[in-house]
Every structure is written in structure tokens, then in C-alpha cells.
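Student: Chain by chain, the residues:
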Amino acid sequence: MEKIYRFVKKFSMPIIIIVILLTVVMGYFAVQIDIEAGIKDMLPQNSPVVERFENVSDTFGSLTYAAVMINDDNILDKDTLNKVESMSKDFSNIKGVSDVTSLTNIKDIKGGATGIKVNEFIDEVPQTESSIQNLKQELSDEEQYVGKIFTKDFKNTMVLVKFEDQEEPEAVVSDIRSVVSRYEGPEEIYMSGTPVIVTDATNYMKRDLSRLLPFVIIAIIAVLYISFRSIRGVLLPISTVLISVIWALGIQELLGKPLSIISTVLPVLLVSVGSAYAIHIVARYFEEVRDGKDKNEAVRQSIKNVGIAVIMAGGTTMIGFASLFFSDLVIIQDFAFGTTIGVGIALIISLIFIPAVLINLKVTKRSKNGKETKFTKSLFAGLEKLVFKYRTVVIVFIILVIIGAIWVIPNIKTESNYITYFKEGSTTRVSTNLVDERFGGSQPVELIVHGNIKKPDLLVKMRDFQEEAVKLPHINNAQSMVNIFREENMALNNKREIPTTQNQIAQYLLLLEMSDKELISNYLTFDYNTNRIQMTMEMISSSKQKEILNEVKGLVDKHFGNQYKVELTGIPSLSNEITNLIISGQIKSLISAVIFTFIITSILLKSIKRGFFTTLPIAFTVLVNFGLMGLLNIKLDIATAMIASIAVGIGVDYSIHIFTRFIEEGEKLNDSINALKASIQTVGRANLYNASAVIVGFAVILLSSFPPLVSFGGLTGFTMVVSFFGALVILPVLIFSAYKLSSNENFLDNNHS
Amino acid sequence: MNKKLTILLTMIAISTIVFTSSVVLAISGEEVLDKVDQTLDSKGRKSEISMTIINANDQKRNRTIEIISKGDNKGLVQFLSPADVEGTSFLTLTEDGKENMWLYLPAIGKVRKIASHMRNGSFMGTDFTYNDISMVGGSDYRDDYNSSLEDEVKYNGKDCYLLKTVPTKEDIEYAKMKMWVNKENYMPLKMEFYDSDGKLLKIMKNVNIEKIDGHLTPNKITMENVQENTKTILALNKVKYNVEIPDRIFTTRYIQQQ
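Going down the list, the protein sequences come from chains A and B. Numbering-wise, the numbering used here puts 437 at position 437 of the first sequence, and it's gapless, one number per residue. Numbering-wise, the numbering used here puts 41 at position 41 of the second sequence, and it's gapless, one number per residue.
Just so you know, these hints were derived from the structure itself, not from any lab. Note that CB positions come from ideal geometry on N, CA and C, so glycine has one too. Please note that the accuracy of each hint is not assured.
What the hints assert, rightly or not - DSS-like mimics (lysine-lysine), calculated; alpha carbons at most 30 angstroms apart, straight line:
hint, chain 1, residue 1, chain 2, residue 2
1, B, K176, A, K95
2, B, K60, A, K455
3, A, K517, B, K60
4, A, K89, B, K176
5, A, K517, B, K176
6, B, K60, A, K107
7, B, K220, A, K95
8, B, K113, A, K454
9, B, K113, A, K107
10, B, K211, A, K517
11, B, K60, A, K162
12, A, K517, B, K46
Said to hold, decoys possible - So these bits of chain A aren't anywhere near chain B, every CB distance computed over 10 angstroms:
hint, residue
13, L458
14, K546
15, A738
Please put together the full structure from these sequences, using the hints given.
Tutor: See below:
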């Protein structure tokens with residue numbers, strides 16, 4: 001630590017200049033950073049689930065599409081049809097849109113005595129009432145489009161906008177939205193579909209976080225001012241976090257890593273978390289100054305005494321974040337990367353830049369007069385009482401909380417469906433509910449059946465499967481060659497049945513190939529060996545979704561068994577995989593965070609026992625976090641899944657500071673009880689400032705209008721409160737009980753192992 | 001309309017698709033056409049063709065068809081393989097300048113008349129449209145196209161006329177065509193088809209041209225759709241000219257009895 005001090009003393013001015021210059025450069029890059037929102041991007045590229053999804057997209061075209069629903073008294077009137085037609089045209093001109101399906105371009109297989117033809121239903125928009133009635137009659141017979149492209153009552157029609165796979169959905173969605181806004185009124189237009197929902201979620205996050213970030217900063221400034229009553233006590237920690245935010249974002253941009261939907265919380269998180277190290281350094285500096293040290297000595301003592309604790313605290317926080325690397329979800333890994341780097345930067349800035357600035361500042365009068373508020377006084381008196389007088393009560397309370405938490409933890413539900421993030425009544429939710437209700441959903445569920453379509457038994461199996469599948473709740477609109485053949489038969493022979501012999505199937509196909517190649521290629525590969533059954537699923541919760549996907553799998557086994565290889569994919573399969581990975585990633589990263597924290601604290605405190613005690617309060621915090629989630633029915637999703645690891649990383653800091661100070665005071669006072677008391681009184685205050693800053697920072701996120709952010713901010717803030725009390729109550733109680741402390745005795749003498 | 005060139009084109013189109021060709025002088029187009037008509041009228045022609053349809057991913061479908069034609073108004077295409085489409089027949093008859101097309105699929109039964117607007121559709125899943133292929137039945141382009149001599153160029157080392165032709169009939173969806181015609185024998189070597197936006201859509205090539213029974217015949221015709229990256233290859237397995245073919249073959253009744 002002495003080396004750091006000497007280095008800072010020698011190069012204080014260059015350090016300041018370099019940090020400022022670097023910040024300007026990084027700032028230039030940081031402002032260019034992009035946000036990405038693809039659902040597929042969350043999963044690792046080598047995941048078999050993603051592979052299957054991409055195989056289907058490669059064979060049959062993209063599975064990503066937006067659903068644009070138009071409501072009117074009569075969708076077949078001239079104005080609305082004209083609107084649908086020109087809107088469809090505008091959509092197909094958008095960069096990143098591969099295909100548009102709407103009432104004005106759906107295909108019809110017509111037949112009868114004069115022959116067979118496939119053409120667009122609506123060649124020309126009907127002008128007269130009678131032609132509208134005719135069209136109505138014709139459309140009503142089209143079972144493959146009723147409930148998919150239009151509703152039976154002709155009050156709703158759907159425009160499906162397919163995305164090219166490689167495009168960023170966000171830009172495409174925003175283009176679609178601007179087209180929609182041009183056509184709105186008197187018809188109502190609603191937008192749904194996975195890319196729309198994901199983009200809405202990202203936009204909400206982006207908007208709320210950029211709106212809230214200034215408030216987070218203001219709140220932390222207020223906390224710092226109340227804590228230190230000094231300009232430099234405010235400016236130094238704040239500049240530390242701002243520098244780390246700028247550097248972290250700049251590095252992300254330089255490495256070409258865009259922010260994901262969850263790493264948008266990165267700035268807020270760093271502002272709250274990164275202030276800790278600066279606060280401890282500055283608090284110690286003020287403490288030393290109060291004791292009458294000059295500025296150099298005060299800086300030296302601060303680095304020497306707090307430096308190791310700060311490094312430990314920063315190290316454990318970095319481990320907490322880095323443990324998220326163990327998640328299989330790419331976006332959580334990216335988040336782990338950004339936060340680990342950001343915390344590392346905050347740590348270095350606090351240890352080098354802040355001392356360099358302090359060395360160049362005069363000791364002011366104010367920094368000598370730390371003020372004690374009534375609140376903190378009684379708070380710390382109360383904490384002391386809890387530790388030394390009501391130990392048993394504390395222990396009983398803790399045990400009860402642990403039992404309660406374990407009791408409710410199994411109730412936690414995992415959620416990866418974005419729609420649940422939106423409040424009831426929000427545009428996104430309303431639109432999606434309407435699309436689900438009128439058109440049976442907008443999430444594609446895809447079944448790939450490997451087998452030659454010319455085998456009549458395969459066709460029968462496909463038909464039987466489809467008939468049962470659409471009877472499942474939330475599954476609708478099953479479409480495949482079965483439907484096309486039936487329409488064809490209807491046109492040829494007025495029978496809505498599938499062909500029954502190989503020759504019939506082959507000739508039905510030949511006839512279709514002659515009429516419209518595309519109609520087939522949506523459902524069948526060129527070699528006739530791969531079939532697609534397309535279904536839609538409504539937007540439902542992850543658990544419900546899993547249930548239904550399992551039922552679909554059951555039907556697949558029932559109908560295709562071992563005879564034909566069948567693959568199930570689609571957006572629900574992807575989000576189901578995300579759900580699975582959230583849980584496995586949660587367990588892996590949590591366990592590794594706790595273990596690494598334990599190892600680090602054991603090494604730095606030179607004792608396994610001490611490492612264990614330091615880790616215990618944080619394990620308690622994690623338990624309480626999950627307990628609260630179970631109790632309040634907060635879903636485990638990509639955001640809340642990170643809280644436990646964050647809590648471990650940040651929360652353990654308070655315990656580390658208490659323990660290191662306890663050792664330091666123990667050496668000085670040779671009286672364990674007083675050493676413990678002194679630790680609570682001194683470093684406990686720094687902990688309080690620190691925790692207040694972090695808690696206030698997260699509490700500001702509670703103001704967000706976006707529910708997942710609210711639960712993220714609330715839960716993280718709450719775990720900070722718990723870990724603060726864990727460090728100041730549980731840890732001392734543990735130390736007290738385990739070492740059976742008494743006055744006039746130094747536990748270090750007996751327990752230095 | 002430039003009648004001379006129209007007649008020339010008619011001849012070329014016929015020779016291209018029907019694999020019939022006559023060396024004529026461009027000077028008198030009508031004479032040429034009459035001569036072609038005479039040849040086609042008097043004698044029938046039978047050929048067997050292997051069709052390979054290749055999609056954008058280089059996957060292939062193979063089919064074998066037999067083409068029988070008589071005069072400029074009767075044509076019949078029948079599928080020989082694969083077995084599951086064997087007997088599928090496509091009949092073209094032109095009466096009073098009006099062309100009618102029928103399709104018979106044995107497993108489905110009933111002869112179906114092809115709606116006229118489908119002529120721009122794919123012929124049996126190939127890159128040829130009905131319009132491209134309808135020459136089989138001997139329908140003539142006399143009234144369907146306007147054409148003009150654009151240039152005289154070399155193609156594959158041969159002196160060619162470069163023709164530009166524009167359809168006058170609404171139901172032909174090409175905006176225009178370009179044609180490279182061998183000056184020496186009036187055999188078209190290459191044709192380009194442009195879509196309604198004026199963009200290049202398809203390229204047709206006549207390859208391996210040889211004289212069979214006194215008729216210039218391409219052994220291979222390729223049609224490539226450059227927009228969709230698909231290709232159809234027609235390879236001539238057998239051809240016989242001057243065959244006696246009874247008229248009863250070109251009836252809907254006959255194809256159903258097959």
C-alpha cells in the first residue's frame with residue numbers, strides 16, 4: 001500500500017492529467033454506443049436450440065415477424081382495403097423487411113369446371129357494395145385465412161411483416177411504426193409480435209434509464225453531502241463514478257459490444273456501486289484530518305489502512321459481477337463484462353486518482369469538522385445495543401427469517417416472456433392481447449417434419465397432429481401442405497380432403513408447382529423431404545408456455561413417434577430455452593460468487609474462519625432476496641436473475657470493511673469488545689454513507705414506469721439494506737459468539753490462524 | 001409493326017422451342033413463315049426430353065417428358081417419369097387464332113382447362129412459362145410481338161443479329177426480350193427476358209446445335225432465372241422429324257384414355 005502512496009505522491013499531476021484526457025477520449029466513444037434488442041442474441045450461438053431455429057429460418061425464411069392489426073367496422077370497404085394495400089407496399093419497402101402478407105396479397109386456389117388457378121384474392125379493390133358482398137362470401141370459405149389474416153366478422157385484418165434475419169429488429173420496428181402512424185385513423189391499428197415487444201421493452205428501459213440517471217446522480221450527491229458536508233466529499237466520489245461509467249461505455253464501444261436490454265442499467269449500477277471505494281477513501285481521509293494529520297500523511301494513512309479493504313471490496317464486487325459469466329445467456333455475459341470492467345476502473349480511480357487530487361488540495365476547515373447527525377448517532381447506538389445486548393434475539397430472528405425464506409423460495413417462478421414486463425393497459429400489452437384474442441397469437445411455433453410428403457401416411461399423420469394441436473389452449477392457426485392440399489382438392493373436386501395416394505400427392509404438387517411455386521416453398525422443401533407445420537402461440541407466461549410446448553411434444557410423439565424425425569422450434573422454444581438458462585446460470589453464478597468471495601476473504605484476512613464469517617452475512621442476504629421474491633411473487637427473469645450475484649459482490653464489502661477495521665482496532669486497543677464497538681462506530685459510518693448512496697441510487701430506479709426495472713431497483717436496494725445490517729449486526733454477533741469475546745483481551749492473540 | 005422481323009421472330013421462336021429450324025433468308029419473311037408452317041403442317045415431330053430443375057440451393061428435380069407436335073396448331077406434352085406423375089398430359093390446340101390449353105392428371109382425373117392468365121406461370125415447375133413453351137403447340141407470335149433490329153454483334157464467335165422484341169399482347173408479362181440470332185442459319189443462340197420493371201429476369205441459351213433429319217436442333221436448352229437464381233435444363237434424348245401422327249392424339253379424350 002505504501003508503494004501506491006509513493007507512486008501517487010510522485011506522479012500526482014500526471015495522474016490527474018492522464019485521467020482527464022482519457023476521460024475525454026473515452027467520452028467521445030461512449031456517446032456512440034448502441035443498444036441491441038434481439039431475442040436470439042441472448043442465447044449462445046452454438047446452442048442447439050438456436051441452431052434448430054436458424055436451420056428453419058434458412059430453409060423456410062425468417063421466423064421473426066411483426067403483426068400489424070387493423071380494426072374497422074368493415075375491413076372490406078374501399079378505403080380500408082386501399083389502406084391495407086398501400087400500407088403493405090410501404091412495409092415491403094422498408095430495409096430489413098423480407099416479406100409482407102396481407103389481405104391484398106394472400107393467394108387463393110380456385111378451381112371448378114374451368115380449371116385451376118392460384119391468384120391473389122383481391123386483384124382490384126371492389127368498388128360496389130355487391131362486389132364487396134361477393135368478396136365477403138369468397139373469403140368466408142377460406143379456412144386457411146379466417147382467423148389468421150381476417151376475422152369472421154370482417155372487423156379485423158392482419159398484416160404480417162416478416163423480418164430479414166440478420167437485421168437489427170429495432171430499426172425495422174421503428175420504420176414499421178412510422179408507416180403505421182401515417183395510416184392511423186379512422187381505423188385503429190395495433191402492433192404486436194416478438195420484435196415489437198422486445199423493441200418496446202428496450203425503448204422503455206432506455207427512456208427510463210436516461211431519464212433516471214440524472215436523478216440517481218443528484219440523489220447520490222445529496223447523500224454524499226449529508227454524509228460528508230464537504231464539497232470534495234461530494235465531488236471526488238461523483239467524479240470517480242462518472243469517469244468509470246464513461247470509460248466502461250467507451251471500452252464497450254471500442255470493443256464493438258453494444259449494450260443489451262439489461263446492460264442499459266450499467267450506468268445507474270456503476271454510479272451507485274462505484275462510489276463505494278471513493279467514499280471509504282475520502283471518509284478515512286477526513287477521519288485522519290480530524291485527528292490532526294497533514295494532507296500528505298492523511299492521504300498516506302487512508303491508502304494504507306483502507307486501501308486493502310477497498311481492494312478486497314472491489315475485488316469481491318468484481319467477482320460478483322464476473323460470476324455472471326457462468327450464465328449461458330450471452331446478454332448476461334456481456335453485462336458481466338461491462339460491470340466487471342466498470343468496477344475495476346472505479347477501484348483504480350479511487351486508489352490513484354482521488355489520492356492524487358487530495359494531495360494537490362489544501363486541508364480545508366470543513367473537512368476537519370465532520371458533523372454527526374442525531375439520526376446516525378441513535379442508529380449506531382441502536383446497532384451496538386443489538387449486538388451486545390440482544391444477541392439471542394438477533395440469532396432467533398435470523399433463524400426465523402432463514403426458515404421463512406426457505407419456505408417461500410420454491411414459489412419463485414421464472415419468466416422470460418417480455419410481455420409480462422408491460423403493465424396492464426400499456427399500448428404494447430393491449431395490442432398483444434387484442435392480437436391474441438382475435439388472431440390466436442403472433443408467436444410462431446414451428447414443427448419440422450422430416451419425411452417425404454408423397455408418403456400418404458405422413459400426410460395423414462400431419463393432418464391428425466394439426467387437428468389435435470389446435471385444440472390445445474393458446475395454440476392456433478396450424479398450417480402446412482395439409483391445408484394447401486385441402487384447398488386444392490376443394491378447388492378441384494369440392495372436397496376439403498387430403499389426397500390419399502402417392503400419385504395423387506405427386507400430381508397435386510405438380511399442379512401447384514405449375515400455378516404458384518411460392519405457395520409450396522413456405523411449407524415444403526424442394527426435395528419434398530422436409531415439411532413445415534406452422535402454428536401460432538399467444539403471448540403467455542413462461543411457465544404456461546413450457547407446459548404447452550410439452551403438450552405439443554406429447555402430440556408429436558403420439559403422431560409421429562419414431563417413424564419420422566420431428567423438430568420443434570420457434571420463438572416460444574427460444575424463450576423456453578432462455579428460461580432454462582436463467583435457472584442454470586443463476587445457480588452456477590451464485591455458487592461461484594459465494595465460493596470465490598469466501599476464498600478471497602479467507603486469503604486476504606489470512607483465515608478460513610474469518611473468510612467464512614465475512615461470507616455468512618451475504619449468504620443470508622441472498623437467501624432473504626430470494627425469500628422476498630417468493631413472498632412478493634417477483635419473477636426470476638433476466639434482470640432479477642442478476643441481483644443475487646450483484647448482492648454478493650457489493651454486499652460483502654460492508655462485512656470486509658468491518659472485519660478489517662476490527663483487526664486494525666484490535667491490534668491498537670488490545671480489547672476485542674471495544675475494538676468491535678470502535679469498528680461499528682468508525683467504519684460503520686463509512687458503510688452507512690456507502691450503503692445510503694447505493695440504496696438511494698437503486699431506489700431512484702423504483703420511479704421507473706417499467707415493472708422489471710422497478711423490481712430490479714427495489715430488490716437490489718433491499719439486498720443492500722440487508723447486507724448493511726448483516727455486516728453491522730450479524731457479523732459482529734457472529735464474531736462475538738464464535739470467539740466468546742470479553743474485555744481486556746484481544747481475540748487476535750488466540751485466534752490468529 | 002415490322003412484319004419482316006415479326007415473321008423472322010416467329011420462325012425463331014418456333015425453331016427454338018420446337019427444335020425445328022429452317023435456314024431462310026431474311027429478305028422475305030412471309031415466305032419463310034409459310035415454309036415453316038408447311039413443314040410443321042405436313043409432318044409431325046416427336047421428341048423425348050430430360051428436364052432438370054435446379055433451385056437456388058443447387059437441389060435438383062428430374063423429369064422426363066415426351067413432346068409430340070403437328071403443324072403449328074397442335075401440341076402434346078406427356079410425362080414419362082417419375083412414375084408418380086407418369087401420364088400427366090398437357091395439350092395445346094389453336095383454333096381460329098385462339099389458343100386453348102388442357103391439363104390431364106391421371107390420379108386426379110378429369111381434364112382441366114388452363115386459365116389464360118396462368119400462361120405467365122411456371123410450366124410444370126420449370127423456369128419456362130406457358131407462354132415460353134406454348135410454341136410446342138405451334139401457336140405463332142405473329143401478332144404478339146413488335147421487334148426491331150438493334151445491332152449486329154458477335155456472340156460465341158458467331159455473327160449475330162441482336163433483336164429487341166416488345167410484346168403487344170397484355171397477357172405476356174415481359175417488358176421486352178433480346179435475342180441473339182445466328183446470321184448464317186437464323187438459329188437463335190441466346191434470349192434475354194426482361195420483367196415488367198425492365199430488369200433482366202431470365203436468360204435462355206440454345207447449346208450443342210446440330211442438324212438432325214435436316215433440321216437444326218439444339219441438344220440442350222437452358223433457362224436461367226437470374227433473379228431467383230434457379231435454372232432449368234432441357235436435354236434432348238431423342239428426336240424424330242417427319243413422323244406421321246394421327247389427329248386423334250390431340251384430343252382431350254385421347255389423353256384421358258392413356
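Student: Does K95 of chain A sit within 30 angstroms of K220 of chain B, going by the straight-line distance between their CA atoms?
Tutor: violated, 40 angstroms
Student: K113 of chain B and K107 of chain A were given as a pair; does the straight-line alpha-carbon distance stay at or below 30 angstroms?
Tutor: holds, 20 angstroms
Student: Regarding the pair K176 of chain B and K95 of chain A, is the alpha-carbon distance no greater than 30 angstroms?
Tutor: holds, 29 angstroms
Student: Verify that the Cβ of A738 of chain A lies farther than 10 angstroms from every Cβ atom of chain B, and report whether the claim holds or is violated.
Tutor: Holds, because the least Cβ-Cβ distance between A738 of chain A and chain B comes to about 70 angstroms, which exceeds 10 angstroms.
Student: Is it true that the CA of K517 of chain A sits at most 30 angstroms from the CA of K176 of chain B?
Tutor: Distance of about 23 angstroms is within 30 angstroms: holds.
Student: When you check the alpha-carbon spacing of K89 of chain A and K176 of chain B, does it fall within 30 angstroms?
Tutor: Cα-Cα ~25 angstroms, so holds.
Student: Determine whether the non-interface label on L458 of chain A survives the test: each CB of chain B must be over 10 angstroms from its CB.
Tutor: holds, 14 angstroms
Student: Is it true that the CA of K60 of chain B sits at most 30 angstroms from the CA of K455 of chain A?
Tutor: holds, 20 angstroms
Student: Using Cβ atoms and 10 angstroms as the threshold, tell me whether K546 of chain A really stays out of contact range of chain B.
Tutor: Holds, since 34 angstroms exceeds 10 angstroms.
Student: Are K517 of chain A and K46 of chain B close enough, with their CA atoms no more than 30 angstroms apart?
Tutor: holds, 29 angstroms
Student: Does the alpha-carbon distance linking K211 of chain B and K517 of chain A stay inside the 30 angstroms limit?
Tutor: violated, 36 angstroms
Student: Run the distance test for K60 of chain B versus K162 of chain A: straight-line Cα separation, threshold 30 angstroms.
Tutor: holds, 28 angstroms
This entry does not satisfy hints 7 and 10, going by the numbered hints stated previously.
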